[in-house]
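First to last, the protein sequences are chains A and B.
Okay, so the first sequence: first residue is 0 according to numbering that gives the first Met the number 0, each after it adds one.
Okay, so the second sequence: first residue is 0 according to numbering that gives the first Met the number 0, each after it adds one.
One or more of the hints may lead you astray.
Per the computed footprint, the stretches of chain B lying under chain A, defined by three or more beta-carbons under 8 Å from a beta-carbon of chain A, are [claimed, not checked]: (1) 54–66; (2) 138–144; (3) 148–162; (4) 166–172; (5) 306–313.
Simulated from the structure, these hints should not be mistaken for laboratory data.
These numbers were taken from a predicted model, which means no experiment stands behind them.
Every residue, glycine too, gets a C-beta built ideally from N, C-alpha and C.
Read off the chains here:
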Amino acid sequence: MSSEILVTSTGLHALSYFIPVIFLSLVGFIILAMGTRNTGKSIMSWITFFTLAVGGVLTYLLTPIGTSIFGGTLVFNSFGLYFALIMIISSMFICYPALKGLTAKSEIFYATLLFVTVGMILAAFSYNLITLFISFEAVSIGTYVLASFGKSRRNLEGTVKYFFTGTIATAFILLGSSFFYLGTGTFNLSILATSIATPEISLALIFLIVGFGFKLAIFPMHQWAIDTYDGAENSVSAFLSAGSKVLAYVVILKVFLLGFSSDFKDVYYLFVILSILTMTYGNISALSQNNLKRLLAYSSVAQAGYLILVLAVVSSTGNITSGVASLAIASGMFYSLVYIFMKGGSFIALNSVNHESVELADVSGLAKKSPALAVSFAILLLALAGIPLTGGFFAKYLLFLSLIEGGLWWLAVIAILNSAISVFYYFRVIMYMFGRNPVGDQEFDLTRSVKVPVYASATITVVLSLMILWFPAVINIASGLFG
Amino acid sequence: MLILLIFLLTVIFSASSFAINGKRRTFAIASSAIVLILTIAYSLLRFSGTYVSGFQSSASYNLVPSIGIMFSLGVSGFSDVLLLLSAIVILISLLITEKNKFGNSLYSYILIAETGLYGILISRDFLFFYIFWEVVLIPVYFIIAQYGGKNKDSISLKFFVYTHIGSVFLLLSIFTIYTFHYEATKVFTFEISQLMVNKYISQIPIFWRYLAFFGFLLAFLVKMPSFPVHSWLPDTYDASPYPGTIILAGGLSLMGGYGLFGILMPIYSLLGSGILTILIYLGIISLLYFSLAAMMQQNLKRMMAYASAGAMGFVTLSFGAGLIETGYQATLELAGGMFQIVAHGLIMALVFASIYLIRQNTGHEAIHSLGGIFREAPMLSSFLLAGLLASLGLPGLAGFIGEFSILVGVFGAIGWLIIAVVFSMIITASYHIWAAQRSLYGPYNENLGQIHDVTGEQFAVLMGTLIVIFILGIAPNLIYGMLVSYVGGII
Numbered sequence: 000m001s002s003e004i005l006v007t008s009t010g011l012h013a014l015s016y017f018i019p020v021i022f023l024s025l026v027g028f029i030i031l032a033m034g035t036r037n038t039g040k041s042i043m044s045w046i047t048f049f050t051l052a053v054g055g056v057l058t059y060l061l062t063p064i065g066t067s068i069f070g071g072t073l074v075f076n077s078f079g080l081y082f083a084l085i086m087i088i089s090s091m092f093i094c095y096p097a098l099k100g101l102t103a104k105s106e107i108f109y110a111t112l113l114f115v116t117v118g119m120i121l122a123a124f125s126y127n128l129i130t131l132f133i134s135f136e137a138v139s140i141g142t143y144v145l146a147s148f149g150k151s152r153r154n155l156e157g158t159v160k161y162f163f164t165g166t167i168a169t170a171f172i173l174l175g176s177s178f179f180y181l182g183t184g185t186f187n188l189s190i191l192a193t194s195i196a197t198p199e200i201s202l203a204l205i206f207l208i209v210g211f212g213f214k215l216a217i218f219p220m221h222q223w224a225i226d227t228y229d230g231a232e233n234s235v236s237a238f239l240s241a242g243s244k245v246l247a248y249v250v251i252l253k254v255f256l257l258g259f260s261s262d263f264k265d266v267y268y269l270f271v272i273l274s275i276l277t278m279t280y281g282n283i284s285a286l287s288q289n290n291l292k293r294l295l296a297y298s299s300v301a302q303a304g305y306l307i308l309v310l311a312v313v314s315s316t317g318n319i320t321s322g323v324a325s326l327a328i329a330s331g332m333f334y335s336l337v338y339i340f341m342k343g344g345s346f347i348a349l350n351s352v353n354h355e356s357v358e359l360a361d362v363s364g365l366a367k368k369s370p371a372l373a374v375s376f377a378i379l380l381l382a383l384a385g386i387p388l389t390g391g392f393f394a395k396y397l398l399f400l401s402l403i404e405g406g407l408w409w410l411a412v413i414a415i416l417n418s419a420i421s422v423f424y425y426f427r428v429i430m431y432m433f434g435r436n437p438v439g440d441q442e443f444d445l446t447r448s449v450k451v452p453v454y455a456s457a458t459i460t461v462v463l464s465l466m467i468l469w470f471p472a473v474i475n476i477a478s479g480l481f482g
Numbered sequence: 000m001l002i003l004l005i006f007l008l009t010v011i012f013s014a015s016s017f018a019i020n021g022k023r024r025t026f027a028i029a030s031s032a033i034v035l036i037l038t039i040a041y042s043l044l045r046f047s048g049t050y051v052s053g054f055q056s057s058a059s060y061n062l063v064p065s066i067g068i069m070f071s072l073g074v075s076g077f078s079d080v081l082l083l084l085s086a087i088v089i090l091i092s093l094l095i096t097e098k099n100k101f102g103n104s105l106y107s108y109i110l111i112a113e114t115g116l117y118g119i120l121i122s123r124d125f126l127f128f129y130i131f132w133e134v135v136l137i138p139v140y141f142i143i144a145q146y147g148g149k150n151k152d153s154i155s156l157k158f159f160v161y162t163h164i165g166s167v168f169l170l171l172s173i174f175t176i177y178t179f180h181y182e183a184t185k186v187f188t189f190e191i192s193q194l195m196v197n198k199y200i201s202q203i204p205i206f207w208r209y210l211a212f213f214g215f216l217l218a219f220l221v222k223m224p225s226f227p228v229h230s231w232l233p234d235t236y237d238a239s240p241y242p243g244t245i246i247l248a249g250g251l252s253l254m255g256g257y258g259l260f261g262i263l264m265p266i267y268s269l270l271g272s273g274i275l276t277i278l279i280y281l282g283i284i285s286l287l288y289f290s291l292a293a294m295m296q297q298n299l300k301r302m303m304a305y306a307s308a309g310a311m312g313f314v315t316l317s318f319g320a321g322l323i324e325t326g327y328q329a330t331l332e333l334a335g336g337m338f339q340i341v342a343h344g345l346i347m348a349l350v351f352a353s354i355y356l357i358r359q360n361t362g363h364e365a366i367h368s369l370g371g372i373f374r375e376a377p378m379l380s381s382f383l384l385a386g387l388l389a390s391l392g393l394p395g396l397a398g399f400i401g402e403f404s405i406l407v408g409v410f411g412a413i414g415w416l417i418i419a420v421v422f423s424m425i426i427t428a429s430y431h432i433w434a435a436q437r438s439l440y441g442p443y444n445e446n447l448g449q450i451h452d453v454t455g456e457q458f459a460v461l462m463g464t465l466i467v468i469f470i471l472g473i474a475p476n477l478i479y480g481m482l483v484s485y486v487g488g489i490i
């Protein structure tokens with residue numbers, strides 16, 4: 000059991016563990032101050048980028064692996080570190096492409112981005128419902144601000160929807176946490192030895208699934224995501240569907256696999272049903288979309304369905320430290336990493352279209368105007384569809400492998416068929432880019448801030464398929480969510 | 000090791016072709032010629048005379064031992080023959096393109112397809128086998144989607160989704176036997192030679208075993224294509240540009256055949272007579288159905304698309320029948336079936352290349368729009384005629400050998416059903432001749448105007464292909480011996 004290796008640390012000394020977080024917040028305030036002096040937005044974007052890079056390095060170097068502070072509310076371990084780094088990368092990822100959509104008050108955008116990242120890092124290390132809630136809320140409020148960046152009223156409609164559903168989700172999380180406390184007598188998330196399945200626990204399970212499910216956009220709680228991704232700036236959609244989603248995912252992993260380890264049977268049934276519904280609904284709705292951004296939004300709903308398959312596998316084994324469970328969690332971790340680049344990159348590729356509300360026809364002929372951009376976008380879509388030679392293939396492959404290892408053959412068949420269906424709509428996009436001529440006098444925006452991030456994410460997506468070589472290390476990190 | 004170098008060379012060629020802008024066609028032709036020459040040299044070194052059975056150049060590189068990920072390679076007599084076939088088919092498909100007709104990407108796609116085919120044929124572990132299996136699809140999809148004819152959008156999508164669904168079932172089967180292998184031995188491995196063995200496959204519970212067989216067969220039969228899962232074929236062949244059609248006919252159907260004979264054959268005794276009988280019937284139905292469908296076609300390209308599928312019906316038939324029978328007849332049929340894959344690939348390359356040149360020179364490929372073009376383009380017409388004759392199985396050309404040895408052996412397994420096979424062969428012969436008669440001979444269709452015959456380079460390509468077909472027809476033992484040794488090592 001990993002809890003034995005934890006070193007408990009108290010007092011002021013613990014503050015030194017927060018140097019990366021303090022550093023990021025400080026720069027956030029500095030950027031806000033720079034806004035009053037009319038600093039150029041590209042300078043701010045670079046400062047944010049390098050701050051996040053330095054913050055990532057600091058997090059990597061200064062995180063005291065195996066330390067637990069504040070009575071177990073924060074646990075620093077490799078699992079949390081892995082996700083903290085992933086989320087820092089996802090924030091870095093949108094610094095540069097966001098420049099395109101920023102017209103005014105860019106300091107607020109970049110400062111908020113830094114504050115959101117702080118919340119994400121804290122959430123990655125939290126093993127307590129209260130700290131999780133606080134850091135999660137810090138991220139949510141920040142993303143409400145990010146989502147409202149832009150000018151048109153359409154954007155605001157999506158944001159308002161996001162805000163209201165987000166607030167309702169918050170209420171659900173709070174209620175769920177209270178019931179959780181009633182049932183277990185603690186807010187801490189740790190593996191419970193005894194099996195307790197009281198009504199309070201079941202209520203907590205339902206409320207928490209609804210609350211956190213909103214953020215991950217799983218099936219019945221997904222509708223806001225479609226409108227918000229559609230309405231927001233492309234780079235913000237990229238962030239919402241990549242970084243913010245991975246955050247919701249890691250929180251869900253912790254809450255349901257640790258907090259409800261006494262009640263795995265219910266967790267299993269819930270997540271099997273939710274994952275099947277989410278995958279199938281997302282894929283089938285994406286099939287008929289002609290709006291490219293909504294298509295990607297539905298696809299990210301479907302991807303959330305694949306991600307929560309991990310919970311089904313782990314809860315079906317009943318033992319979070321078993322080999323199959325570790326494989327499943329590790330495959331989820333790997334998926335999250337690849338997912339950031341393939342999904343974020345796809346949304347950012349839409350920056351090449353000059354107007355809002357990107358239709359499928361708007362990318363037609365992209366291959367003729369900029370072959371490299373079209374090929375990179377195609378690579379990202381192929382990765383989303385799980386075609387070999389991309390990281391997306393190995394991500395899906397490991398996920399399905401863990402399903403079969405866990406004995407959930409039928410679920411694997413459903414997931415594989417779903418992934419075959421998804422090929423249809425990803426390839427429709429590719430077809431428009433390569434097979435059609437540009438519509439009218441359509442001009443693409445092929446400036447560097449559009450192209451470079453897409454090239455980078457396509458390259459990284461391909462290179463990540465080599466990460467399979469380090470996969471055993473990821474399995475070690477996954478061990479029982481306590482790394 | 001030589002084969003690994005050749006494979007890496009194909010990877011380098013296909014990747015670096017994207018960087019060449021001016022003379023990508025020349026580069027592609029040169030690189031695929033180098034690959035072909037090296038493959039021939041490799042075959043002479045490893046497979047001339049000394050080959051008994053089993054695998055040459057076996058090697059294995061552990062990548063992630065803890066979950067059994069490795070890159071294993073090995074070349075059997077059968078896969079070596081198919082390596083040669085794919086190198087030739089790729090070279091032909093490159094050579095028949097005219098300069099400046101297609102965009103540069105086409106040449107890169109074709110080279111990637113070659114890399115994928117080589118990868119499939121040399122991989123001896125299921126992970127990389129699957130990866131390359133999928134890799135081949137992507138360039139072919141792009142060839143159709145970018146350079147295809149009418150309705151290329153929906154047809155290329157249909158092609159991809161159809162074959163991709165086959166592939167995901169292949170993946171499921173691979174996972175199934177991988178997991179059961181782990182449960183039985185506590186060893187993670189994807190190595191084909193360890194997974195596909197009777198001793199261990201027979202321990203898999205019957206439901207999962209048949210599920211795995213179903214996945215394998217579905218993936219392979221879709222590629223062949225065989226009767227119930229063929230509906231992607233006519234449209235795809237038709238909409239694809241000719242270089243793509245040649246790769247579809249020579250390369251993709253090769254994958255199906257390789258799957259049957261290269262992957263499934265070692266565990267043939269577990270397939271049971273039930274599955275094998277189903278395969279026999281599928282083969283016979285394919286033969287009949289596709290030859291009848293071909294007869295109804297008005298368009299040479301579509302007709303030959305059905306003819307190609309019909310010829311692959313022989314392969315399915317020989318696989319089923321050969322594994323039911325024993326002894327001499329079994330060897331004859333199985334080797335015949337594998338020979339048929341090779342012959343079919345070469346002949347279809349010749350036929351589609353000739354039809355392509357006719358289409359280029361006259362602007363037509365529908366039979367009734369042509370007519371009497373022998374008068375104006377005697378050489379081109381003769382090449383098409385030779386291809387058609389080879390395709391219908393004329394003795395002396397490669398198509399005869401495979402069909403003959405299958406027909407000789409198959410009686411023991413299917414009895415008087417052989418009449419259906421012979422009947423389909425008669426139909427095949429008649430529509431081939433009929434098509435040649437209507438399009439090549441008779442009074443010249445003056446609407447076509449002045450048309451020119453093959454140029455020097457085109458002549459060399461077609462003649463070279465024809466010579467290979469002819470040599471294999473009169474000296475089949477060049478590869479037949481290798482195939483027989485390969486079969487001998489398994490049954």
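ask   = Tell me, which hint numbers fail for this structure?
value = 5
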